[in-house]
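Engineer: Based on these hints, arrange chain B on the given structure of chain A.
For the protein sequence lines, the chains are A and B, in the order given.
With numbering that gives the first Met the number 0 applied, the first sequence corresponds to residues 0 to 408, in that order.
With numbering that gives the first Met the number 0 applied, the second sequence corresponds to residues 0 to 408, in that order.
These are calculated hints, taken from the structure and not from any lab test.
In this text, all values refer to a predicted model and were calculated from it rather than measured experimentally.
Hints may be right or wrong, so weigh each one.
Identical copies carry no separate label here, and so any pair may be met within one copy or between two of them.
[As the list claims (entries may be wrong)] With a Cα cut of at most 27 angstroms, we get these calculated DSS-like pairs of lysine-lysine:
no. : residue 1 : residue 2
1   : Lys285    : Lys149
2   : Lys133    : Lys373
3   : Lys133    : Lys288
4   : Lys232    : Lys332
5   : Lys227    : Lys397
6   : Lys160    : Lys227
7   : Lys373    : Lys149
8   : Lys65     : Lys373
9   : Lys332    : Lys160
What follows is each chain in one-letter form.
Protein chains: 2
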Amino acid sequence: MELLHTDTLAEAREKLKTETENFMLRIHRIPCDEALGCVCAETVTARENVPSFRRSTVDGYAIIAKDSYGATDSNPAFYSVTGHVNIEERAAVSVMSGEAVQVQTGSMVPDEATAVLMVEYTETYSPNKIVGYKAVSEGENITQIGEDMKMGDCLIRSGRKINARDVAMMAAMGIGTVQVYEPLVLTVISTGDELVDMDEELSGAKVRDINSYGLAAQARSNGFIVRKQMRIKDQETAIRQAVEEALDESDVILLSGGSSKGNKDYTKKILEEITHNVFTHGISIKPGKPTILSYDRQHKTIIAGLPGHPMAAMLMFRLVILDWYETIAKIPKGYPYFAVMQENVSSNQGREMCLLVRLVCGEEDYTAVPVYAKSGSISALERADGYVMIPRNKEGLKKGERVRVEVFE
Amino acid sequence: MELLHTDTLAEAREKLKTETENFMLRIHRIPCDEALGCVCAETVTARENVPSFRRSTVDGYAIIAKDSYGATDSNPAFYSVTGHVNIEERAAVSVMSGEAVQVQTGSMVPDEATAVLMVEYTETYSPNKIVGYKAVSEGENITQIGEDMKMGDCLIRSGRKINARDVAMMAAMGIGTVQVYEPLVLTVISTGDELVDMDEELSGAKVRDINSYGLAAQARSNGFIVRKQMRIKDQETAIRQAVEEALDESDVILLSGGSSKGNKDYTKKILEEITHNVFTHGISIKPGKPTILSYDRQHKTIIAGLPGHPMAAMLMFRLVILDWYETIAKIPKGYPYFAVMQENVSSNQGREMCLLVRLVCGEEDYTAVPVYAKSGSISALERADGYVMIPRNKEGLKKGERVRVEVFE
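Looking at chain A on its own, in the form it has when it is part of the complex (with noise of 0.2 angstroms):
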């Protein structure tokens, strides 16, 4: 009674990025506004100079600067006012030694002024008369032409997903459109006897399908866009025809609930049967070992029978499938938190594990706790707040040890 020849996660990862190597991430161009939340298909460059005008950072006059030198509030420097620049307006007035030329935080400074005075150290004493009570430097209050930002400046680097920011830059630098990846299209097949649908009552030994929900719900807050969500009873045929009509049209198919040693398994043989190309037959890895990953070249379609326990399908989803994506559109990774553990853990030894965890605040860390579940449990899903990866060459985690964290969108 042995199980089958398994994959490490890492095996099974290059074996899924091996094998869809013609599958093609769908790029479009759309507006930067729209882009929110996208991922990034180009590297975006600074178009222009920011600041493309020499810039001034506070309101004041433009002088001099060596006319201010060696001014204080007992021997003030002697300015006449000769003009000032509206902040929209181009900088037409000059500059000379004496004289001062009002502008605006953001106003362009005129060619021959070298600094600007902050209004706070002058006084009017009489028409376009000023004093001013405070020495600057060469270069002082002034913005260069390009200091924030040079034309081919990196602005965003492809596979970041768009943010607020991001969009704020493209519209700082007149970029009014870019291009993103079109997002992955899934569908979700709950298969099993037992399940019975949110609005059902339960009965006898049903439980209800919660995978095609949580499924579903973690693709779409992944950008995937979730073509259909169903559930079918644990019958060849159906899984058969559910899975063929799937694959026309979408890029990923999740089989959840007949990748267990059970009586009624299917997935594998049909799976065989319509891709001719299943290539891991379950990952050493606790929870998530009954997983099974094939693709169907024709159809550039991967489909995977992922564990029918909700935390374990969840998880599974999470390592296998949005890692492979995340590889192949070069998502960066996002940051882990460090903790420190409550408490030892034991692992097995020569079997990867995805410890839960529940992550407490302190005053300057965090501590991980330990989410105990059994096999199946649901509370789990709400329990835990991410999951540490105890590697299979380890054997176990130690109370006080640091550890990373990776938190569950």
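Structural biologist: Then chain B, alone, in the frame of chain A:
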């Protein structure tokens, strides 16, 4: 030449909360699988016990535990298989001493059975006769009724942003609909004679309108609906008209650009005339001082004048308006990151400081690297991952000091 009286950030937040007492978040009930990303507006509790029946956690045989005591590889126990329970079925068969009923992972366990013996530890030696090579204790491999969750247990607290696991939990519980807050409606008005739109040529001292794009995107990524995003000249009548038009349909109006001390700053005057209720005339925080807060009690609309600098505007939107929303909707704060300061940073005493930082992920910890940016820097939007708040009574931060970094969404 002194600044107007300014509030501390804490004072401004408190005033905003008090002044908006008559503001009511709108609640609606939606299907649970459409609630992803919405803010839960009720406390969702378990309506059923999970599991609702005694459930086997393995494939194997339901037995009387006592029958297995002492069984080993060399001294197996003998059982007659009297039936089997499919996973969707009510367990109709009973189990007596010496008997075994075949069950699958997820099957209902017959009432009399007190443990399940894993199939891996059994062997069939003639039809309906098995031997078991292992002893199992009372309750082993059985999840008891309500063991995972009990009726009445809290599943989702009011204020939680509903994630994929929450959707899975609701599906598990047969909770088809959930009360969530309707998104707030927001209008963004960028003011400034110097502003041109994204697709226009820059000429003279014009700069692009960044804030209407950045703030709108920030609002959207926090679940707001952006009713309108507009850019208008810094003219009193134009601004007044835009605000008045937005009042009826907006919960929040953001004005950006006209709150510093330039020539043409009508914001304060207009807000006073429209709302008769401008309560914050500046916040003593760097950056973000020129922030004006008012509330129109009649229309139940917050009108905020935000700084013109993009980074400052987005920070103040987060620190004041989003903070307000999170407070009234009781949304828990996101987890901060802890990091070690890379260098000394001085701060103005008497004024809170929002220090932009980049996070560098090390083996066991993060380093926070200050992002220096002149006032109005646009590149800071891209260079910073988040910020550290330095309280006003603190001199600065020391190299090696542990800090909390709030990461931008």
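Engineer: Each of the hints needs a verdict: does it hold here or not?
Structural biologist: Comparing the hints with the structure gives:
1. Lys285 with Lys149: between (50 angstroms within a copy, 26 angstroms between copies)
2. Lys133 with Lys373: between (72 angstroms within a copy, 20 angstroms between copies)
3. Lys133 with Lys288: Intra 73 angstroms, inter 23 angstroms, cutoff 27 angstroms: inter-copy only.
4. Lys232 with Lys332: neither (37 angstroms within a copy, 42 angstroms between copies)
5. Lys227 with Lys397: Answer is neither; intra-copy 44 angstroms and inter-copy 54 angstroms both fail.
6. Lys160 with Lys227: both (25 angstroms within a copy, 24 angstroms between copies)
7. Lys373 with Lys149: between (56 angstroms within a copy, 15 angstroms between copies)
8. Lys65 with Lys373: between (77 angstroms within a copy, 23 angstroms between copies)
9. Lys332 with Lys160: This pair counts as both: shortest intra-copy Cα distance 11 angstroms, inter-copy 22 angstroms.
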